[in-house]
Every structure is written in C-alpha cells, then in structure tokens.
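Let the sequences and hints guide you as you build the complete structure.
Here the sequence shown is numbered in full-length UniProt numbering, starting from 1 and rising by one per residue.
Please keep in mind that the hints were generated in silico from the structure rather than gathered at the bench.
Since we're looking at a predicted model, the values are computed, not measured.
Be careful, since some hints might not be right.
[Claimed, not checked] DEER-style ranges, computed between Cβ atoms: (1) A64 <-> Q275: 46 to 54 Å; (2) F126 <-> P30: 18 to 26 Å; (3) S281 <-> R399: 34 to 42 Å; (4) Y349 <-> T259: 30 to 38 Å; (5) T340 <-> T259: 18 to 26 Å; (6) A64 <-> G144: 41 to 49 Å.
[Said to hold, decoys possible] Heads up, simulated DMTMM-like pairs for lysine to aspartate or glutamate below, C-alpha to C-alpha not over 25 Å straight-line: (7) K22 <-> E108; (8) K352 <-> D420; (9) K425 <-> E405; (10) K268 <-> E304; (11) K225 <-> D271; (12) K352 <-> D329.
Beta carbons: idealized from backbone N, C-alpha and C, even for Gly.
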Amino acid sequence: MALRMAPKITTELLRQLRQTMKTSQSITEPIQAYIVPSGDAHQSEYIAPCDCRREYISGFNGSAGTAIVTEQSAAMWTDGRYFLQAAQQMDSNWTLMKMGLKETPTQEDWLISMLPEGARVGVDPFIIQTDQWKSMALALKNAGHLLVPIQENLIDAIWSNRPERPCQLLITLELSYTGLFNLRGSDVEYNPVFFAYAMVGTDTIRRTQCYLSPYTPVCLAKAVKNAREVEGMRRAHVKDAVALCEFFNWLEKEIQKDTVTEIMASDKAEDLRSQQEDFVSLSFATISSSGPDAAIIHYKPVPETNRKLSVGEIFLLDSGAQYKDGTTDVTRTVHFGTPTDYEKECFTYVLKGHIAVSAAVFPNGIKEPGYYEDGAFGIRIENLVLVVPAATKYNFRDRGSLTFEPITLVPIQTKMINVDLLTQKEGLIELLPALGLCTSKIQPDYQPMGSQLTSEMSSLLGAEGETHRVSPTGGTFCIQGWHTDRKDRTGVL
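So this is what it looks like as structure tokens:
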C-alpha cells in the first residue's frame with residue numbers, strides 16, 4: 001500500500017500573495033497575475049532552500065515547474081515526470097497543468113483566457129529566463145496586457161521564517177581538478193558551487209562591464225569533455241560501480257529480514273559510496289522507491305511516506321555521487337523475489353529502449369527510458385554515456401559519425417529480463433561494447449574490499465571453482481545486459 005504525500009494547505013498563503021499583488025511598495029499599480037518560476041538568479045535546476053519559492057507557495061517540490069497565481073485562480077505547469085507527485089503535494093486551490101498533453105494550454109494562453117482587459121502580469125526579472133520573458137511579453141502585448149518586472153520578489157515578501165542565503169567556506173582544489181578560479185563551494189546541496197558572479201575579459205578585468213549576448217563560449221567548451229575530464233569520469237564510475245555492487249549484495253541478504261526501509265536503503269548506498277577514495281557528497285537526493293512509490297519518478301522518501309522493501313515488489317534506486325574526479329548518476333530497477341510475467345515484460349521493453357539508444361549511430365553534429373504505472377510500480381534504467389566517433393561503412397561528405405559509449409559500470413539484474421522479447425541484434429555479443437563489459441574494470445577494486453562477485457559475474461570473468469552466492473536466492477545480476485545460465489555457464493542473450 002502506498003503512503004500518499006500530504007498536500008500543503010495554501011489558502012492563507014495565496015490570500016497573502018494576492019493582497020501583496022495589490023499593495024506591495026515595489027509596484028506602482030496593482031498586478032492581476034504573478035508568475036513564480038522554479039529557478040534562482042543563476043537559472044539553476046538545483047537551488048538553495050531560500051530560493052524554493054514555487055515550493056513555498058504551492059507545496060510542490062519537483063525540480064521543474066512554473067506557478068501562476070491570478071486574482072481568482074492558481075495553476076502549476078510541470079512535465080510528465082511530476083504529474084503524480086504534484087497531484088499529491090498540492091491542495092485543491094491549485095490546478096495541475098500537464099505539459100505535453102494536447103488539452104493543456106500554454107501559460108500564455110491560460111493567462112489571456114483568465115485576465116481582465118488591460119491586465120498587468122508581474123514576475124521577478126532576476127529568476128525568469130530571457131527567452132521566456134520575450135515570448136511571454138509578446139503574447140501578452142498582442143492580447144492587450146503587459147508583463148512588468150517586480151523588483152521585490154513577492155513570495156519573499158510573505159515568506160515568514162525564510163531560510164538565510166547560504167554562505168559556506170570556499171574550497172581551493174589542487175591543480176588536478178582546477179577550473180577557472182580553482183574554487184568549489186557547497187552553497188547548494190549536492191552541487192559543488194557557491195553564489196557569485198564573474199566577468200572575464202580578453203586581457204583585462206574592468207570594474208564595470210555589461211554584455212548582452214545570445215551565446216556564451218563557456219557552454220560550448222563544457223559540452224566537449226577533454227581527455228582529463230573523460231579519464232576522471234571513468235575513474236568515478238569504477239568507484240561507483242564497486243559501491244553499488246556491494247550495496248545490492250547487502251540488500252539481497254537484508255531484504256529477506258523484512259526490516260529494510262526506503263530510507264535505510266538510501267542511507268546504506270550513501271555509506272558505501274562515502275568509503276570510496278575522493279568521495280565528496282551525493283550528486284542529488286537519492287530516489288529510493290519500492291512498489292508504487294517507484295511510479296513517482298522523482299520520489300524522495302521521507303518519514304511520512306517511508307515504506308519497507310519487500311521481496312514481492314520492485315525496488316528502484318536512482319542515485320549518484322560527487323567524487324573529486326567525476327560525477328555519477330545511475331538508475332537500476334531490481335526484484336528480490338519472483339517478478340510477475342507482466343513486470344518482466346515491462347522491464348524488458350525498457351531495456352530494449354536502453355539498448356537501442358546505446359547502439360545508435362548518428363551523423364556528427366542521457367538516456368533513461370522508463371515505464372511507470374501509478375499505484376503499482378515504476379521501472380527505469382539509466383546509464384551515463386560519452387559521445388565518441390563511430391566507425392561506419394560509408395562516410396557521407398566526410399562528416400563522420402558518432403555513437404554512445406557507456407561509462408556506467410553497475411550491473412543490470414537478469415531475473416527481470418524476458419529474453420524471448422529480445423531480438424537477435426539486441427542479444428549479439430557484438431553489442432557488449434555498446435553496453436560496456438564492466439567486470440574486468442571493477443574486479444580489481446571490488447574483491448580487495450572483502451566482497452565476492454555473484455556467480456554470474458564471476459563466470460563472465462572466467463573464474464574457476466565455486467563462488468559464494470550472496471543470498472539463498474543466488475546472485476541475479478548481469479554485466480550490462482548479459483545473462484548467464486548457472487548450469488552450463490554459457491552466456492545467454
């Protein structure tokens with residue numbers, strides 16, 4: 001049975017906001033609507049508690065969404081990852097706008113349909129993206145309305161006990177990890193950043209300098225990883241695979257005791273990661289979800305919703321870590337009992353999507369397929385990948401081709417796979433380079449830690465003799481899509 005998230009009661013907060021829309025000293029005349037985006041002044045996805053304004057006014061704490069409050073209505077736009085979560089976290093004052101559905105109006109169209117003639121719509125100009133401002137302003141202008149900047153954030157004006165803006169110590173890194181200023185921070189949880197602005201000229205630094213530019217060369221440079229960055233990413237994923245192999249071996253034993261909860265599993269995964277060299281922190285809040293909670297795509301367990309893990313249900317773990325040499329993000333979906341044929345079918349189709357993207361070759365110029373049933377279960381498989389050159393039979397106009405090289409090395413559970421649904425191409429040994437044969441890479445780091453690979457892992461390595469199974473049910477993990485038959489130790493794909 002799923003424990004529902006309790007919605008936040010927002011009646012009084014909305015009353016206060018609507019009053020402030022009329023009386024705030026930062027506005028020359030009343031506004032008839034107020035827009036509350038998700039981000040902060042740096043347009044970050046992950047933000048500090050003091051910047052969680054949309055969550056404060058609505059109760060919805062997903063990473064993406066925009067709230068709009070008018071004199072009579074309140075609406076929330078978010079994408080398919082958060083439909084179920086937003087519906088549970090918001091009270092009846094709010095209308096959920098499901099982005100991507102044909103019947104869902106755009107923010108501009110909804111505002112135009114709700115506003116009185118000649119209305120004024122306010123927004124904090126520091127936390128709305130330029131392109132969003134331009135498109136919204138044009139649509140409202142064409143309908144006879146006006147988008148106006150409100151210098152004082154109206155949510156801040158009504159937010160009692162608003163958290164202070166973080167101001168943590170800066171960390172100076174050694175040259176191996178240096179960036180523009182060789183500095184890291186911890187002002188935002190799970191992110192090695194600090195609040196600051198920098199202006200960098202070609203040969204001098206001026207006291208005041210303003211730019212209006214549609215592009216930034218920094219984004220282009222960050223998009224293409226250099227050799228040192230790639231090397232660091234690979235090291236980080238080896239360490240992460242070691243930690244998660246230990247975690248799933250631990251979980252396969254402990255879940256039989258019927259005492260492991262979602263929070264306990266999350267804490268254990270963090271503990272094992274923290275034992276790895278150069279571990280800094282988690283890279284985001286761990287999504288540890290069992291049974292129906294796994295259908296809430298970005299679910300985070302809290303004491304009020306914390307469920308026990310069961311051998312009769314699917315368990316989904318979406319987690320990652322910040323190491324000094326790289327950042328990881330990996331999702332695995334497992335079952336420690338006997339999955340139903342339907343669950344295996346759903347899992348296998350998700351795996352087929354994962355394989356299809358992994359093997360794609362495309363002209364030079366993150367993938368995480370999933371399946372979710374509200375109130376039942378959720379399935380997701382996620383790897384991080386590098387984009388690398390691909391060898392092709394023809395090279396049209398000398399453009400070259402690219403493909404994906406997985407760097408995530410965490411095994412995929414075989415008992416969830418219905419091999420009858422896999423095509424011959426999906427099962428070919430030649431597909432291993434696309435999926436990543438991880439055993440030889442993690443074995444040297446894994447065994448010295450006092451753990452043994454499961455029977456399936458060891459047989460893929462060609463290990464001789466018996467190996468200990470991690471639980472009475474036996475190990476059931478494969479190496480990135482491999483399935484090994486216990487009886488003859490033959491790879492079955």
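Earlier hints that do not hold, by number: Structure breaks hints 1, 6 and 11.
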